[in-house]
Amino acid sequence: MTGLVSFFRRLEGPQTVGRGPAFWSLFAVVLAAALAYPLFSDGYTVGNTVYFFVWVFIALSLCVIWGYGGSLSFGQTAFFGIAGYGYGVLTLNFGSAYGFTLVALVAAVAIAALFAVLLGYFMFFGRIAGVFLGIVTLAVTLMLERFMAQTAGPEWHIGSARLNGFNGMSAMPPLTIPWPGEPIVLFADVGLYYLVLGLLVLVYLALRILMNSSFGNVIVAIRENPERAEMLGYDIRKYQLITFVIGAALAGLSGVLYTVWGQYITPSSMSMTAAALPLIWVAVGGRSDLTSTVIGTLVVLAAFQALTIYGSQYALVFMGVLLVLTVLIAPNGLVLGVMNWLGRLATRFTQKAG
Amino acid sequence: MSLLELRELNKHFGGLHVTNGVNLTLEPGEIHCLIGPNGAGKSTLFRLILGEHHPGSGDILFAGENITALKSFARIHRGLSVKFQVPGVFKGLSVRQNLEIALQSRHRGAGLEAEIGRLLTFLGLESEQTQTAGNLSHGQKQWLEIGMAISLKPRLLLLDEPTAGMSPEETHMTGEMVQRLNADGMTVLAIEHDMAFVRQVARRVTVLHLGQVFAQGSIEEIVANERVAAIYLGQAHA
Ligand SMILES: Nc1ncnc2c1ncn2[C@@H]1O[C@H](COP(=O)(O)OP(=O)(O)OP(=O)(O)O)[C@@H](O)[C@H]1O
Ligand SMILES: [Mg+2]
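Chains as they are written, first to last, in the numbering used here: chain E, 1 to 354; chain H, 1 to 238.
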């Protein structure tokens, strides 16, 4: 019992909105609904929902690096692409037997993280910050996109995996869990849904603990005033690098899950548009809060898809308008604004009752 | 052994010679005030001591160790701490969280809570603890940052204009804070324009002018020094 209480305490703190029995009861209800949802839906719709969930990881990566850490990175889609291609290359070469797809998932995420170690070391230990960090990460992303786009020729292959230029890579095997008798293949419907949902809950809770820990304190301190943070004795470059690598791993996870979901990955997943969209979800939701980011991303994605029925150009315009509105009305995010308002309402209510 | 020793420190910003062969020695346990007209190079000297700027030539010795090449955070670990001229609190975070971030590397759990409480009392900020630091008055921000700086239990505390923006009463309270810290063994080097504060706390005063040590002595000697008066008057006329 005390163990449970202390677990919940570590999930809460000034760095995350939502605390107390009311919040966690609501959380349990939403989780139960999410678990029950495939029972009341069809495979196609469930698969579509997986597609939404997949993007939440990259949104969370930006939330961590930008919202908490204060470094605006345009490089998240680069890590997304690297991990996506990484999964493709690995599984197209080595297949899906003996649970290798799961190994490939972890390895692909690790490759993205390793790339972030190199890039991050160069940036943070070179004291590149602010606008320049944005420029460097964007340049890396676009360079990768250009590079992958010109790999159409047969000479561009890694082992038996052709890179295929602008058409991208496809037909990689879905995630397969080895099982006595018959292996379980997680196609992009109910099976993958539960895996991704599980990962999402795990990542969300782990990030809550991390951000409310003393590590998270230093991360937001660097966002608020890097000079002051350093003059409290923190080697801020190390903290920035670790945050960047965590973010890269999350973006990489998004990339692998996306590749697994659609069984393809193309260079356009690293394009300018692809790099800009997560920024909009996170900004509209509330970049400095994990919960707001998750809700904001899902809501904006759903709205985007609903609008795409009338034409994708309208949907993009809508996104732009939404971003402008956010900046004007609630610069810290629309969802976060609403959550804070609800929080104040709840305090007033409990004070009256008490 | 002296606690801090600056040897022939030189720093140029382009053509501007901001510190020009500065020699300064601080003994353990003293409260030393650094005064001088605007632009004399006082804050720059602090940044050199802290490793935010690197001197073109000269050496910085702390407790006998040459720290000239050390990174800032490593100097902090040796026992240096600072309150900046422009208060460098974490504006978007609560007062309490500001102190927690400063204290968390030395305290955990219940001990951390107790330390935060003690520090809030010392600073007179108990009733402000849940406020966002950015909403504090200028004087309260100064106190909060002093609190963060002393959280590290430094051997040498650097204060850059700690009483700027404070009323005479608040200035006096700040002076008392500094004296209490000093009584507990902390050596203090303070940049200050407010002569009431300097009179209250300083045992020795160094006057910096155009990047050079212009005069040094007790507060009485400095006040009686006509050349010192002249540089301040000169500035007033300029
Ligand atoms: N980073 C910098 N680049 C260029 N010049 C600088 C820099 N920092 C300070 N200076 C210049 O160096 C001189 C000394 O500045 P410094 O801030 O050290 O003065 P100060 O004695 O602290 O003055 P004040 O009492 O106004 O705070 C000034 O002329 C200032 O403009
Ligand atoms: Mg100054």
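Take the hints with a grain of salt, since some may be wrong.
Cβ pair distances, simulated, as ranges [claimed, not checked]:
1) L16/H with V321/E: 46 to 52 Å
2) V131/E with E221/H: 47 to 53 Å
3) P331/E with P28/H: 47 to 53 Å
4) G21/H with L205/E: 34 to 40 Å
5) F122/E with K153/H: 32 to 38 Å
6) N10/H with V321/E: 54 to 60 Å
7) A276/E with H77/H: 28 to 34 Å
8) M143/E with K153/H: 45 to 51 Å
9) N38/H with L328/E: 47 to 53 Å
Within a straight-line C-alpha distance of at most 20 Å, the following computed SDA-like cross-link-like pairs (lysine to any residue) qualify [as the list claims (entries may be wrong)]:
10) K71/H with A129/E
11) K238/E with P331/E
12) K238/E with G134/E
13) K153/H with S214/E
14) K238/E with A74/H
15) K91/H with H77/H
16) K238/E with A274/E
17) K91/H with N332/E
18) K238/E with G337/E
19) K238/E with R106/H
20) K153/H with F122/H
21) K71/H with R348/E
22) K238/E with F122/E
23) K91/H with A74/H
24) K238/E with F215/E
25) K71/H with G337/E
26) K91/H with G181/E
27) K238/E with F73/H
28) K91/H with G126/E
29) K153/H with D59/H
30) K91/H with M319/E
31) K153/H with L181/H
32) K238/E with E30/H
33) K153/H with D184/H
34) K91/H with L114/E
35) K238/E with D59/H
36) K91/H with I158/E
37) K71/H with Y121/E
38) K238/E with H77/H
39) K71/H with L114/E
For the record, the hints were derived by calculation from the structure and aren't laboratory data.
All C-beta atoms, glycine included, are put in the ideal place defined by N, C-alpha and C.
Okay, the hints, checked on the actual structure:
Distance hint check for L16/H and V321/E: the Cβ-Cβ separation is about 49 Å, which falls inside the suggested range of 46 to 52 Å. For the pair V131/E and E221/H, the supplied restraint of 47 to 53 Å holds, since their beta-carbon distance comes to about 50 Å. Judged by the Cβ atoms, the range 47 to 53 Å given for P331/E and P28/H holds: they are separated by roughly 49 Å. Taking 34 to 40 Å as the suggested C-beta distance range, the pair G21/H and L205/E does not conform, at roughly 59 Å.
Taking 32 to 38 Å as the suggested C-beta distance range, the pair F122/E and K153/H conforms, at roughly 36 Å. Between N10/H and V321/E the Cβ separation comes to about 56 Å, which falls inside the hinted range of 54 to 60 Å. Taken as a hint, the range 28 to 34 Å is violated for the pair A276/E and H77/H, whose Cβ atoms sit roughly 41 Å apart. A hinted range of 45 to 51 Å for the beta carbons of M143/E and K153/H is consistent with their spacing of about 48 Å.
For the hinted restraint 47 to 53 Å between N38/H and L328/E, the CB-CB distance of approximately 40 Å leaves it violated. The hinted pair formed by K71/H and A129/E meets the criterion: a straight-line CA distance of about 18 Å does not exceed 20 Å. Our distance criterion of 20 Å between C-alpha atoms is broken by K238/E and P331/E, whose separation comes to about 29 Å. With a C-alpha separation of about 19 Å, the suggested pairing of K238/E with G134/E holds against the 20 Å cut-off.
Taken as a hint, the K153/H and S214/E pair is honoured in the structure, with Cα atoms around 19 Å apart against an allowance of 20 Å. At most 20 Å may separate the alpha-carbon atoms for a hinted pair to count; K238/E and A74/H meet this at roughly 13 Å. Simply put, K91/H and H77/H have alpha-carbon atoms about 24 Å apart, too far for the 20 Å limit, and the pair is violated. As the CA atoms of K238/E and A274/E are separated by approximately 29 Å, the hinted pair breaks the 20 Å bound.
For a cut-off of 20 Å, the pair hint linking K91/H to N332/E stands: about 15 Å separates their Cα positions. Restraint check for K238/E and G337/E: not satisfied, since their Cα atoms lie roughly 32 Å apart, outside the 20 Å limit. Distance restraint check for K238/E and R106/H: the Cα-Cα separation of roughly 19 Å lies within the 20 Å cut-off, and the hinted pair is therefore satisfied. About 14 Å separates the Cα atoms of K153/H and F122/H, which keeps this hinted pair within 20 Å; it holds.
Restraint check: the Cα-Cα separation between K71/H and R348/E comes to about 48 Å, which exceeds 20 Å; the hinted pair is violated. The hinted pair formed by K238/E and F122/E meets the criterion: a straight-line CA distance of about 12 Å does not exceed 20 Å. Between K91/H and A74/H, the direct Cα distance comes to roughly 25 Å. Violation of the 20 Å bound is thereby established for this hinted pair. Between K238/E and F215/E the alpha-carbon distance is near 11 Å, which keeps this suggested pair within the 20 Å criterion.
With a CA separation close to 40 Å, the supplied pair K71/H and G337/E exceeds the 20 Å bound. A distance of roughly 60 Å separates the Cα atoms of K91/H and G181/E; the hinted pair therefore is violated under the 20 Å criterion. With a C-alpha separation of about 12 Å, the suggested pair K238/E and F73/H falls inside the 20 Å cut-off, and the hint holds. A threshold of 20 Å between alpha carbons decides the hint, and for K91/H with G126/E the separation of about 26 Å lies outside it, so the pair is violated.
Our distance criterion of 20 Å between C-alpha atoms is broken by K153/H and D59/H, whose separation comes to about 25 Å. Proposed proximity of K91/H and M319/E is contradicted: the alpha carbons are some 31 Å apart, above 20 Å. Simply put, K153/H and L181/H have alpha-carbon atoms about 10 Å apart, close enough for the 20 Å limit, and the pair holds. Restraint check for K238/E and E30/H: not satisfied, since their Cα atoms lie roughly 35 Å apart, outside the 20 Å limit.
With a C-alpha separation of about 10 Å, the suggested pair K153/H and D184/H falls inside the 20 Å cut-off, and the hint holds. For the given pair, K91/H sits about 34 Å from L114/E by alpha-carbon distance, which is inconsistent with the 20 Å threshold. Taking the CA atoms of K238/E and D59/H, the gap is near 27 Å; set against the 20 Å cutoff, the hint is violated. A C-alpha spacing of about 50 Å is found between K91/H and I158/E, which places the hinted pair above 20 Å, so the restraint is violated.
The suggested pairing of K71/H with Y121/E holds, with an alpha-carbon distance near 17 Å, which does not exceed 20 Å. The straight-line distance between the Cα atoms of K238/E and H77/H is roughly 16 Å, inside the 20 Å bound, and the hint therefore holds. This hinted pair does not check out: K71/H and L114/E have alpha carbons roughly 26 Å apart, beyond 20 Å.
Going through the hint list in order, the structure does not satisfy hints 4, 7, 9, 11, 15, 16, 18, 21, 23, 25, 26, 28, 29, 30, 32, 34, 35, 36, 39.
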